[in-house]
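Novice: Line by line, the protein sequences give chains A and B.
Just so you know, the numbering used here puts 116 at position 116 of the first sequence, and the rest follows in order with no gaps.
Just so you know, the numbering used here puts 1040 at position 40 of the second sequence, and the rest follows in order with no gaps.
Derived from the structure by calculation, the hints contain no laboratory data.
Please note that the accuracy of each hint is not assured.
Unchecked claim - Restricting the straight-line Cα-Cα distance to at most 27 angstroms, the calculated cross-link-like pairs of lysine-lysine (DSS-like) are: (1) B:K1221 with A:K63; (2) B:K1240 with A:K122; (3) A:K118 with B:K1221; (4) A:K173 with A:K122; (5) A:K78 with B:K1221; (6) A:K122 with B:K1221; (7) B:K1240 with A:K17; (8) A:K150 with B:K1126; (9) A:K22 with A:K300; (10) A:K11 with A:K118; (11) A:K72 with B:K1221; (12) B:K1221 with A:K11; (13) B:K1221 with A:K17; (14) B:K1069 with A:K63; (15) A:K118 with B:K1126; (16) A:K150 with B:K1129; (17) A:K70 with B:K1221; (18) B:K1221 with A:K82; (19) A:K17 with B:K1129; (20) A:K17 with A:K200; (21) B:K1126 with A:K63; (22) A:K2 with A:K200.
Unchecked claim - Here are the computed distance ranges between Cβ atoms for each label pair: (23) A:D75 with B:R1317: 51 to 57 angstroms; (24) B:V1249 with A:E147: 30 to 36 angstroms; (25) A:S60 with B:S1231: 41 to 47 angstroms; (26) A:S60 with B:V1249: 50 to 56 angstroms; (27) A:E147 with B:D1075: 50 to 56 angstroms; (28) B:R1317 with A:L74: 38 to 44 angstroms; (29) B:I1175 with A:G141: 52 to 58 angstroms; (30) B:L1173 with A:A151: 35 to 41 angstroms; (31) A:D273 with B:S1231: 49 to 55 angstroms; (32) B:Y1311 with A:K284: 42 to 48 angstroms.
These numbers were taken from a predicted model, which means no experiment stands behind them.
Quick reminder that beta carbons are idealized off the backbone N, C-alpha and C, glycines included.
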Amino acid sequence: MKPILEVENLKTYFFTKEGVVKAVDDISFHINPGEIVGLVGESGSGKTITGFSILGLIDSPGKIVSGNIKFKDLDLQKISAKQMQDIRGNRIAMIFQDPMMTLNPVLRIETQMIETIKAHNKTISQQDAYNTCRDALGLVGISSPDERMKAYPHQFSGGMRQRVSIAIALLNKPDLIIADEPTTALDVTIQGQVIFEMQKLCKESGTALLWVTHDLAVVAGITDRISVMYAGRIIEQGTTDKIINQPLHPYTQGLIKSVPSKNKKGEKLHQIDGMVPSMFSLPKGCAFEERCYLRSEQCKQEQPLETQYADGRFLRCLNIGKQT
Amino acid sequence: MTVYILQRTLQSFVVLFVMSLIVFCGVNLIGDPIYMMISPESEPAEIERVIKEFGFDRPVLEQYWFFLKNVASGDFGRSFVQGIPALPLILERFPATIELAVFSLFISLVIALPLGVYAGLYPERKSSKIIMSGSILGFSMPTFWVGIMLIMLFAVKLDWLPSTGRGELGTFLGIESSLFTLNGLSHIFLPALNLALFKLSSVLRLTRAGTREVILQDYIKFARAKGLSHSRVINVHLLKNILIPVVTVIGLEFGSLVAFSTVTETVFAWPGAGKLIIDSVYNLDRPVIVAYLIIIVAFFVFLNLIVDILYSFLDPRVRIKGSSE
Ligand SMILES: Nc1ncnc2c1ncn2[C@@H]1O[C@H](COP(=O)(O)OP(=O)(O)OP(=O)(O)O)[C@@H](O)[C@H]1O
Ligand SMILES: [Mg+2]
């Protein structure tokens, strides 16, 4: 199957006064049509910037320094601004991380939804656009959607706002949705429901999903494949089953150990020692070296390259290959 | 909403009352108007008679009480100089002042909003820096000097526009104004531009600061992520958010535009209330000064109320106490 999205050696840097922040540094991954891929990593690892890079929404002082982003047959780096605008919100939609800040405070929900349709369909009637939006609100579980259409964002709770942005993402039946922590703002009961709904919607319409989260537990149940990010790099990627049940990279192993679960009841939760290094002064070698139990002298000096293993997974580690 | 407006109106009356007391007492401190009305060489008996007639021999508070009673029946006293009632004298001049203020507000908005948004969107560009330095200049040059320069350039040297008076008046929807004739427009242009410079820089700076702040918000990025056109993002998502502070400031500044149009009106011999008040101050024409100041204060208070109400329409987050929504 031909991937719907292919990211190759993407580097997105921020050129700030204090120095260069390599927010995304040489990452490659792909998403097949209808597939759900998880992008997992700690805060600051570059997940959101990856999403913005795909949509061409990096603003100065940030810049995509190199790499290819291919969507279907289009090279997103080469197409015109107008073409990119046609893709945004239409073929690739994004759900933002912070639901409190995503909706414009002075515009009605109705306005913010209908404009999303009209931006990509000039001929649709106001009534048809309205109906589509109202139905989308109903679909994400907002009761009395007709009334809600007239409301302003401040009249909604955080969870409801997040559902509105999910509804907006679904409006134009995109081929790919980049969902940046779409359920973090929701209560646990709703979380499960929204995850289930989104999964169902994507299966039904064949929409692919890039599910961005720091929570491995959320992603384990729904994704086909997982990419684990650390300090701007993808350090391990493979099928969900392989990543969850046989993690190879010490960082992935640490992440999985730190997920609370039933059979670890009573035990103290695992914690990865040390801290994420500052993005301004990343070490010359592997960024995880200081916290790693497998570290060697070589790790301090050398940047591990991404290598593919027989079971189809990719790893960035100098020591794993030696072991097996 | 109605409860709120009633409350505010009541408050406004209190403010007006206090203000009138201050104005009245204050005006009594500046000079003795007697000798403006009759020659100092008159008979002492004659002087005595006039003092008695106008009640200048009574205590200030008693004079004030008398004044209040008259004001309650709409009588602000007669102009000492022209001998006609002060209120109609001022009201007759007000349309010219309001028209000047409205037109100069229009000019400053038309210039400052787009420039401010531009300078906010592209702060690094040379053109933005030129705009901002220019606005400092507009801020710091004295109005009367700019007015004289405008006259020298456009009226004397180039002879494009007239420099004095209001020109022909036209009538539209029952309102008489020089905005409705070409000749009138040519007359109002220079004084309005002069007055506009005063507000232009503050609107421009406000717009730029607002733009720079709003453009960084997630909802702008989200609007772009939805695939909206650049113009829709700017004209709807950005502008609607900046308009909130801009409208507030403009509303409040409109009052000062009217109040401080005195300089411009004097330079351009614009027959408005500002020119009248300057003349009245020279002549110690107390009733006119007091009436003018009270009208201006009433105007300010009224504007404040309008701005607050408008604000609640622009910003849905502003909840007004007693509002039913
Ligand atoms: N405008 C900017 N200027 C400078 N650095 C930036 C900018 N935006 C992001 N960064 C840096 O890029 C890095 C990655 O940020 P990103 O938002 O992608 O993290 P994240 O993985 O989404 O984290 P979180 O889980 O907290 O959302 C961070 O170190 C951040 O400091
Ligand atoms: Mg993020």
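Novice: If a hint holds in the structure, say so; if it does not, say that too.
Specialist: Hints, one by one, checked against the model:
no.	hint	result
1	B:K1221 with A:K63	holds, 16 angstroms
2	B:K1240 with A:K122	holds, 23 angstroms
3	A:K118 with B:K1221	holds, 18 angstroms
4	A:K173 with A:K122	holds, 16 angstroms
5	A:K78 with B:K1221	holds, 21 angstroms
6	A:K122 with B:K1221	holds, 22 angstroms
7	B:K1240 with A:K17	violated, 32 angstroms
8	A:K150 with B:K1126	violated, 43 angstroms
9	A:K22 with A:K300	holds, 18 angstroms
10	A:K11 with A:K118	violated, 33 angstroms
11	A:K72 with B:K1221	holds, 24 angstroms
12	B:K1221 with A:K11	holds, 21 angstroms
13	B:K1221 with A:K17	holds, 23 angstroms
14	B:K1069 with A:K63	violated, 73 angstroms
15	A:K118 with B:K1126	violated, 36 angstroms
16	A:K150 with B:K1129	violated, 41 angstroms
17	A:K70 with B:K1221	holds, 22 angstroms
18	B:K1221 with A:K82	holds, 16 angstroms
19	A:K17 with B:K1129	holds, 20 angstroms
20	A:K17 with A:K200	violated, 45 angstroms
21	B:K1126 with A:K63	holds, 22 angstroms
22	A:K2 with A:K200	holds, 22 angstroms
23	A:D75 with B:R1317: 51 to 57 angstroms	violated, 43 angstroms
24	B:V1249 with A:E147: 30 to 36 angstroms	holds, 35 angstroms
25	A:S60 with B:S1231: 41 to 47 angstroms	violated, 21 angstroms
26	A:S60 with B:V1249: 50 to 56 angstroms	violated, 29 angstroms
27	A:E147 with B:D1075: 50 to 56 angstroms	holds, 55 angstroms
28	B:R1317 with A:L74: 38 to 44 angstroms	holds, 40 angstroms
29	B:I1175 with A:G141: 52 to 58 angstroms	holds, 55 angstroms
30	B:L1173 with A:A151: 35 to 41 angstroms	holds, 38 angstroms
31	A:D273 with B:S1231: 49 to 55 angstroms	holds, 52 angstroms
32	B:Y1311 with A:K284: 42 to 48 angstroms	violated, 56 angstroms
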